[in-house]
Amino acid sequence: MPLRWIGHPGLDPLIVTLLLVLSLCLHFFRLGMWPFAGDEVHTAREAASLMGDIDFHHSSQLYRLPRMIPVSYTLLWIGYELFGRDEFGSRVMPAILGSLQVPLVYALLRRIAGRVVGLASALLLAGWWTHLQFSQQNRFYAPASFFVLLALLCGLLAVQQSSTRWLAGALVASVLAFASHNLQGTVLAVVAGGWLLAWRFDRRRESPSPDEHGRTQRRLELLMVVAALILAGTMAVVYVWPLARSWNLGGTGASPSHLMLAIVGSVGWPVIILSCVGLLAIASRDRTTLPFWGLGLGALLVTGLVLPAWIVFRHAYLFPLEVILILLAGFGVGLIYDSVRRTNPPAALVSFLGLCALNLPSSVSYFRDGARYDHRAAAAHLREKVGPTDRILSFAPHITSTYLPEHAAKVSLLKEGAPLPVVRAAMVELEPGRKLWLAMHKGRGGLATEWITGLAEMGCSLVFQESQVRYDYYDFQVYLFECKRAQGF
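Number 431 in my numbering belongs to position 431 of the sequence shown; there are no gaps in the numbering.
No lab work stands behind these hints: they were computed from the structure. Bear in mind that the values here come from a model prediction, so they are computed numbers and not experimental data. The beta carbon of each residue, even a glycine, is placed where N, CA and C say it ideally should be. Check the hints yourself; a few may be wrong.
Simulated pairs of lysine to aspartate or glutamate, EDC-like, Cα-Cα distance not exceeding 20 Å [as the list claims (entries may be wrong)]:
| hint | residue 1 | residue 2 |
| --- | --- | --- |
| 1 | K484 | E429 |
| 2 | K410 | E450 |
| 3 | K385 | D472 |
Label-pair restraints from in silico Cβ distances [said to hold, decoys possible]:
| hint | residue 1 | residue 2 | range |
| --- | --- | --- | --- |
| 4 | S339 | D472 | 26 to 32 Å |
| 5 | R67 | R383 | 34 to 40 Å |
| 6 | G454 | R67 | 24 to 30 Å |
| 7 | S412 | S255 | 24 to 30 Å |
| 8 | T17 | D86 | 27 to 33 Å |
| 9 | L18 | G454 | 43 to 49 Å |
| 10 | R368 | R314 | 35 to 41 Å |
| 11 | G298 | P345 | 35 to 41 Å |
| 12 | M260 | R368 | 25 to 31 Å |
| 13 | R383 | L305 | 31 to 37 Å |
| 14 | C25 | I273 | 35 to 41 Å |
| 15 | K415 | T164 | 53 to 59 Å |
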């Protein structure tokens, strides 16, 4: 039996409204305070390229990427036109899409497993710091995660309720997910495979003499699934592959082992354990959807284990699929609540609230600095100090140039892996009276001692450091060094 609170169905609109308000407050909290980080500064130009406002060479990422995932960039461009392109306006559309996912989880998952599971999953999602981070980022991850989540929930409803309409919704959302971030096309395989396995193994669909309506429904559903697969396959081969060919290959990316650890770090061990409990609950109560969940987990793991061998892969690419673990954790909370409620209802309520708050400490830590290196603060400190003949080496030159447009020509890349030889070579070329500025960042304890010692020996002194005290092991620290060539160097 599904896990349900005893209550009037009229509570559902109120719960959805409260969840939406909570989600909007969390996703818009300090939205414009975070500096641009990573590839955020490129996104507006990529969207402009898609809309024909700016021309880039066909081999450039600025040309190729927005055409590979046009749905995401179209939504982001609409956000720019409505709200602007600064740190706040550029993130409004991702924040809206992220906020909508919380009430969406409750509204649809309640139909599958009841009010307790739906509410638990929604609250876990609302407090999930990784979801907040990517929903407050001017990038394509929020649109992709929205359509992935919609596809998963509609697919579950299609399987559980044998519904053609929900299957149609799941297939449309899956194709949109593929057009929002191509790697999320795996969700189409999950939906199609989950539907096929449910059709094959569900006893209700193995009637020896199904009526004509049942046969017609199955044929229509099969036609829909095949059409969606053909459409996505054609898009991939004819449209996406020519754009993606020979791009994003080689270089450095995360290894499969690092990606698995990144999933744990993103979701958290408590939620991982709860998701295992939830999977056991589903196995014992709702075998119809069990193959669907298994395929979803398989897609997450296989994507993280296989694709790094082919392309430069980042943990962010797995983020949309990680929501599967959050949903399963909601089932785990529901099972625990249901078990405790039989003997001690007050303790059940306390356990429910405590388990749903597992993600809050990480979210509080996230809101300290937005999980971003603040090169904006370093640039502001540097603006009045840079001389007309000085040079700037930066770990993030595109960010530094964005916040120092008047000095952009002086900014060059300083690779993070081994900066000292590059700095030494730059110091040798440095003419008397000129300065070299280093904008560096480091997490997990800060810059290595040998780096600081080596820089000091070359005449570099620390003039600025920016970091916020967090409540986890990772610190986002930014350093600014001033280097003057010493005599005899």
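Hints, one by one, checked against the model:
1. K484 to E429: Roughly 12 Å between the alpha carbons, so the hint for K484 and E429 holds.
2. K410 to E450: Violated - the C-alpha atoms of E450 and K410 are around 27 Å apart, more than 20 Å.
3. K385 to D472: Distance of about 34 Å is beyond 20 Å: violated.
4. S339 to D472: 26 to 32 Å: holds (31 Å)
5. R67 to R383: 34 to 40 Å: holds (36 Å)
6. G454 to R67: 24 to 30 Å: violated (44 Å)
7. S412 to S255: 24 to 30 Å: Check passed, 29 Å falls within 24 to 30 Å.
8. T17 to D86: 27 to 33 Å: At roughly 30 Å between Cβ atoms, D86 and T17 fall inside 27 to 33 Å, so the hint holds.
9. L18 to G454: 43 to 49 Å: violated (55 Å)
10. R368 to R314: 35 to 41 Å: violated (23 Å)
11. G298 to P345: 35 to 41 Å: holds (37 Å)
12. M260 to R368: 25 to 31 Å: holds (27 Å)
13. R383 to L305: 31 to 37 Å: violated (45 Å)
14. C25 to I273: 35 to 41 Å: This hint is violated: roughly 28 Å between Cβ atoms.
15. K415 to T164: 53 to 59 Å: Between K415 and T164, where Cβ atoms are some 54 Å apart, the hint holds.
This entry does not satisfy hints 2, 3, 6, 9, 10, 13, 14, going by the numbered hints stated previously.
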